[in-house]
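K.L.:
Dock chain to chain to rebuild the complex, using the hints, since each chain is given by itself in its own frame.
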Amino acid sequence: MRANCWYGTGNVQVVDVPEPKILNPRDAIVKITSTAVCGSDLHLYNGFVPTMKRGDILGHEFMGEVVELGKGVNNLAVGDRVVVPFPIACGQCAQCQRDLYSLCENSNPNAWMAEKLWGYSPCGIFGYSHMLGGYAGGQAEYARVPFADVGPMKVPDHLDDEKVLFLTDIFPTGYMAADVCGIEPGDVVAVWGCGPVGQFAIKSAYLLGAEKVIAIDRFEYRLQMARDKGGAETINYEFTDVHEALKEMTGGRGPDHCIDAVGMEGHGPGLAGAYDKVKTMMMLETDRAYALRQAIMACRSGGTVSVAGVYSGFIDKFPMGVIVNRSLTLKSGQTHVHKYMRPLLERVERGEIDPSFVITHRMKLDDAPDAFEMFTQKEDDCVKVVLKP
Amino acid sequence: MQHNRNDEWDAGRLAATLGWIAVGLGATIAVRKLMGSTTDAEVAPRRSNRVRIERVTTINKPVHEVYAFWREFQNFPRFMRHLESVEVMGERRSRWRAKAPAGQSVEWDAEILEDREDEWIAWRSLPGSQVENSGSVRFSPAPGARGTEVRVQLQYSPPAGRVGRGIAWLFGEEPEQQIHDDLHRFKQLMETGEIPLSDGPSLWRPAQPARDPQEIRNLAGVRAS
Chain A
1 MRANCWYGTG NVQVVDVPEP KILNPRDAIV KITSTAVCGS DLHLYNGFVP
51 TMKRGDILGH EFMGEVVELG KGVNNLAVGD RVVVPFPIAC GQCAQCQRDL
101 YSLCENSNPN AWMAEKLWGY SPCGIFGYSH MLGGYAGGQA EYARVPFADV
151 GPMKVPDHLD DEKVLFLTDI FPTGYMAADV CGIEPGDVVA VWGCGPVGQF
201 AIKSAYLLGA EKVIAIDRFE YRLQMARDKG GAETINYEFT DVHEALKEMT
251 GGRGPDHCID AVGMEGHGPG LAGAYDKVKT MMMLETDRAY ALRQAIMACR
301 SGGTVSVAGV YSGFIDKFPM GVIVNRSLTL KSGQTHVHKY MRPLLERVER
351 GEIDPSFVIT HRMKLDDAPD AFEMFTQKED DCVKVVLKP
Chain B
1 MQHNRNDEWD AGRLAATLGW IAVGLGATIA VRKLMGSTTD AEVAPRRSNR
51 VRIERVTTIN KPVHEVYAFW REFQNFPRFM RHLESVEVMG ERRSRWRAKA
101 PAGQSVEWDA EILEDREDEW IAWRSLPGSQ VENSGSVRFS PAPGARGTEV
151 RVQLQYSPPA GRVGRGIAWL FGEEPEQQIH DDLHRFKQLM ETGEIPLSDG
201 PSLWRPAQPA RDPQEIRNLA GVRAS
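Top line first, the protein sequences correspond to chains A and B. Numbering follows this note's numbering, in which position 145 of the first sequence is assigned residue number 145; successive positions increment by one, without gaps. Numbering follows this note's numbering, in which position 31 of the second sequence is assigned residue number 31; successive positions increment by one, without gaps.
In isolation and in its complexed conformation, chain B is listed as follows (with noise of 0.2 Å):
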């Protein structure tokens, strides 16, 4: 590929750019929020090693359809960008497979604890997992007949060592940018029956058609639909 950072508007150079804007206009406010504030989810690690994010996006549809579709957790890997696979093994308990760096997998088992219908649902790991985690979603009728507000909260403790970083890679370097991204995709797959495809996925190829569908599927991270 060719590169001639000079004339490319690549993120890096994006970001220097408003930073200088924003130098030049003497609003460090305009800086802070461009740039990403510093946000609890990266201050948690270091104070407690526990990462916590939240995120709402609101999709237009009945609540009763985004809860049903949501509680087939089977439907994550279709919009969570690393994860491989969720096998449902009971009721309460299913079993989760996450892509990791260099070909490696982490996988943790999670249980229902608590799941209201077109409401709540709460979830944790199992004692002994890889990964140990928990987290909630809250499904409510947006006012006016806006559809389903959908409020993600989870949290994790990221182990040290390899499985440590395959956690850090699974969630990004900015989790919260992360699940945002992940509830995004499931709010198209949820009012569009499919998530759009860039020619050029983030900036990572020029928006020219690809020889092969699956090299812009694989960028994306979005399965053949």
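Chain A with its partners taken away, still in its complex shape (with noise of 0.2 Å):
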């Protein structure tokens, strides 16, 4: 079959590779009708996180049919139609019976990598590195869905795959990074990086209850499609003096909520930013905060910030003094998709919101190093692309 394979930092090839087939009884073999690049794939294809390795097939965000079905997987029928959520979970361990699916204890088969750098392992992810499970992504035709008993969802067949695919990741992820946030009436909620999840972020924010919504980028396209799509005021923080504009914007109260839908690979203008720079160049620093801080920096006292980006090892220059000194609330994780995916189902078939809004490019899985390189450069108003093998 074919499949979108990493081969270094700035280097994905569609290349043949073998089908997959079951190994577990939880096992289920899907064929991927679309799949789509994720903002947190370009971190692996520029090379921010390790234990990747030549020939890992990527992507996380897929939906397609059930072809074949392990003995174990007795709530699925081949030919079903479903969307599957990009952690893998196996819905047993007590975290999973808190809902904390993606941070469940039993399917990360490399958990030892993980508990290396960061103490514990968090769950296996779908072509997201050796150290999240070296697991077979979905920018592929096919792929081998383990807990498949758990994870993978039923859609209705009159919702095209555009409509149901981001209830596999960035769908929940802006969702989560909203609803973490508890948002009461009159709250004011600021998005930092108007890409596919900080887009979702502003929609649910609002479907949360949200007075308003103030979104920051630099792209002006990205901003117009806040502003046409999500309903958000906007700042363009290469003109703008972000935490002045904020206080403005908020009656000199900052912002209640402040969601980071940036993570580490942050551009920030003038010294702060060059220092990010340099130090993740020489190894000094993994992450680049520029937007946390400035989450940090512009919450309103006793307010929440909310991580929705990814960071994955250290960063620099945090300011921890605020989060004390003025009682804020850092909220974060990776999305426990499972727990989000019906109710989000739901909002869609009842028409609350049309999740294909954020696609801009549709292309052919063979594509996929172009769609990459655009993505990853913001050429042709690029925010989202969906591939079909």
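Careful: at least some of the hints might be erroneous.
Claimed, not checked - When the alpha-carbon atoms are kept at most 27 Å apart in a straight line, the in silico DSSO-like pairs for lysine-lysine are as follows:
| # | chain 1 | residue 1 | chain 2 | residue 2 |
| --- | --- | --- | --- | --- |
| 1 | B | K61 | A | K339 |
| 2 | B | K61 | A | K71 |
| 3 | A | K212 | A | K247 |
| 4 | A | K212 | A | K279 |
| 5 | A | K317 | A | K277 |
| 6 | A | K331 | A | K277 |
No lab work stands behind these hints, which were simulated from the structure alone.
P.N.:
Shown next as structure tokens:
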């Protein structure tokens, strides 16, 4: 089968690989009908995530048709059309039973690697480094889905792929980022980063009752999407002092909740931006946290800073004093997709949101290398690419 | 298999990078932690030639279920990476066979010293075994209905020569890590009924489907379930 594989920093190639087979009783094989490139794939592409190996199949946002089932999967049938959550979760460990599926204690066969870096291991993730399981990803014609009795969710035929594909990751990710803030009436939410997750965080904050959402980015086409599709007010940080602008827009209080939808490859203007760039290049710091620092500084006293963007290692100049002295709450986590998938599908079915609004490019799986390059360079006003095998 | 060490994040580069990060932060403590600090298990053989290991895990199952599964020693090769077979020869005796390098195997007989249902099992190898070893496992309910805490404690004296090398291999270069990983598999098996299989176990092969599933099982040291 054809699959998009990682071959080093800035190098992905679509090559022929063996088709997946059932390895365990709770496995399923899914014939992929739609798959997407995630912003977090760019962290792999740009070499920010350790334990990648040449030939790793990428992709953790995918859906398709069940073509084969292990003998332990009784709730699915061959022919079912399913969306597959990006975290792999067993459903039976203590974390899964608390609905913290991305912390599944059993789904990472390479847990020891993650334990060395993070103390304990989170769940395994499709196509996202050996440290997170070494699972072949879904930018391919077929994928093996472990614990298929727990993860994949059947979707109704009348909703086409583009309306449900993002239930696998970015819609729940943006939604969880807003959900953990505990938004109350009158709250203002600021969102750093208007990529796909940021766009869903904006929409979700409104769905959860925010009074106003303010979106921050430097690409005008993304800010325009945030205004037109998300109803957000916007700040372009290249031309505006974000801290002062947020104060001005919130009556001097600061946003009640600040969402970092940027992650570890943030860009910062001026001296601080250059500082992080040099430090990450010298491997003295692994993650650039410009957006996160700004979000913490800007947040209303007693407010919430919610981190949806991916960080993998260490950051520098973390303003802990702000968190302590102004009683901020820091929330984060890889998305517990299994918890959010069904309620969000219901919102799609009720017409409260059409997640396909983020799609700017539809391409063939074979064009994945072009898609990665375009997405990472922010060319052609790219926000979200959907690939068809 | 294609290799390009410059692009690839192998364990060495990960370790080196983490080292640099820690040096950059001036955090030598972090280095020690990330590199794995010197443990008793590593020091012990040099001092007394005796290795002692203790590991603990929590399993989201009631005590009696965990105890019962453990007490069926035949189950051990399903989660212990290098174990070939366990033959139960009577109420208290069993014969253990483990894989050793170059198609060799090592064997020893063990006897149960103490067996308290749902609480505690202690065993030791019988005199004259190729591998002198002993150990115990304690089962106790975790607080707040969090399942069962399983504490394993074992010690062995690696013999000299070929068999000694076999034993070193059996427990890996880091015996504590090996037992930790085996306990993780025990937990996976108990909680989910299977041991999840990576397409790219460790960093031995890329995360791509294998032509032959057995290749994956062999690399992972897991039997077909």
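K.L.:
Each hint needs a verdict: does it hold in this structure or not?
P.N.:
Against the structure, the hints:
no., hint, verdict
1, B:K61 <-> A:K339, "22 Å, holds"
2, B:K61 <-> A:K71, "23 Å, holds"
3, A:K212 <-> A:K247, "14 Å, holds"
4, A:K212 <-> A:K279, "36 Å, violated"
5, A:K317 <-> A:K277, "13 Å, holds"
6, A:K331 <-> A:K277, "25 Å, holds"
This entry does not satisfy hint 4, going by the numbered hints stated previously; all others are met.
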